[in-house]
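Student: So you can see what is in the structure, the chains are spelled out below.
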Amino acid sequence: MIHKTRTGNDDSEELKQLLQQNLPPLQDHDLELRRDLWPRLKQRLDQEDVHDLAPRQSLRIPWFDWALAALAAAALILFPGVIPALLYHF
Amino acid sequence: MKQHPYLRAYMAGIVVPTIVLLFGLTSFTVARYVYNVPLPIERLIVFPMSVVPNLWGVWNILFVASRSRTHLSLGVHGMLLPLILVPLGLLLLRALDFPIPYAAAILPVGVPLALIVYYLVWKYVVASLNQILGLA
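These protein sequence lines are chains A and B, in that order.
Mapping to this note's numbering: the first sequence position 35 is 35, numbers consecutive.
One gets this note's numbering by counting positions in the second sequence from 1 and adding 90 to each.
Treat the hints with care, since some could be wrong.
To spell it out: a stretch of chain B is covered by chain A in this simulated footprint if at least three of its residues, at any positions, have a beta carbon under 8 Å from a beta carbon of chain A; those stretches are [said to hold, decoys possible]:
(1) 106-112
(2) 196-210
Distance windows between CB atoms, simulated [what the hints assert, rightly or not]:
(3) A:D46 with B:M101: 40 to 50 Å
(4) A:D46 with B:Y125: 51 to 61 Å
(5) A:L71 with B:H161: 23 to 33 Å
(6) B:L170 with A:P62: 43 to 53 Å
(7) A:R40 with B:T116: 16 to 26 Å
(8) B:S158 with A:L87: 31 to 41 Å
(9) A:L87 with B:R184: 12 to 22 Å
No wet-lab data here; the hints were simulated from the structure.
Ideal Cβ positions, reconstructed from N, Cα and C, are used throughout, including at glycine.
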């Protein structure tokens, strides 16, 4: 008596036949993407590059803000009693 | 990074007061326990520890939510916060029955100073944090 052993190859052949029987064959237009995805991907990559890798703009502080900072520093020096009150509200 | 803008705004908003609290609390604690300055810190600390950072976070959320309508700059928006915080802080001090030394002398200088400091901090520090978190 000869025992026929099933190999992995037999299984895959059987599976292939079953799939071919039950799935409709692909048409040519199904094999291609309906639209080109690369332009969208490139656009997203460019946006992320601009967002993440753009050199930071050098910080320009207008003269008005320098004046305000000087005024605040002078007030802190002249009226040190306000420092605890300021810390309390920070 | 486009999701949860309000959560990011809250996180960016609480950074500055949380860091300042560290230094403020250290100063007050050293003054109280090292130099024996009679400051009831345990009664005072609830405001800068809980109310202020949360209000900063909420204020930044308000900025993100309303900037398309109000068109206010972040500096001006932040400058308005002491107008809420100062009365709130004074109200709490009064509720805690804490005497405010030299209040009449401090307020005329302290309020404009707070407006200036808040304007500069929000314009430069919070704006920078917002930019880092993709909110600018």
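Student: Does each hint fit the structure? Answer for all of them.
Tutor: Hints, one by one, checked against the model:
no.: 1; hint: 106-112; verdict: holds (count 4)
no.: 2; hint: 196-210; verdict: holds (count 10)
no.: 3; hint: A:D46 with B:M101: 40 to 50 Å; verdict: 28 Å, violated
no.: 4; hint: A:D46 with B:Y125: 51 to 61 Å; verdict: 59 Å, holds
no.: 5; hint: A:L71 with B:H161: 23 to 33 Å; verdict: 26 Å, holds
no.: 6; hint: B:L170 with A:P62: 43 to 53 Å; verdict: 20 Å, violated
no.: 7; hint: A:R40 with B:T116: 16 to 26 Å; verdict: 52 Å, violated
no.: 8; hint: B:S158 with A:L87: 31 to 41 Å; verdict: 34 Å, holds
no.: 9; hint: A:L87 with B:R184: 12 to 22 Å; verdict: 19 Å, holds
Checked against the numbered hints listed earlier, the structure breaks hints 3, 6, 7; every other hint is satisfied.
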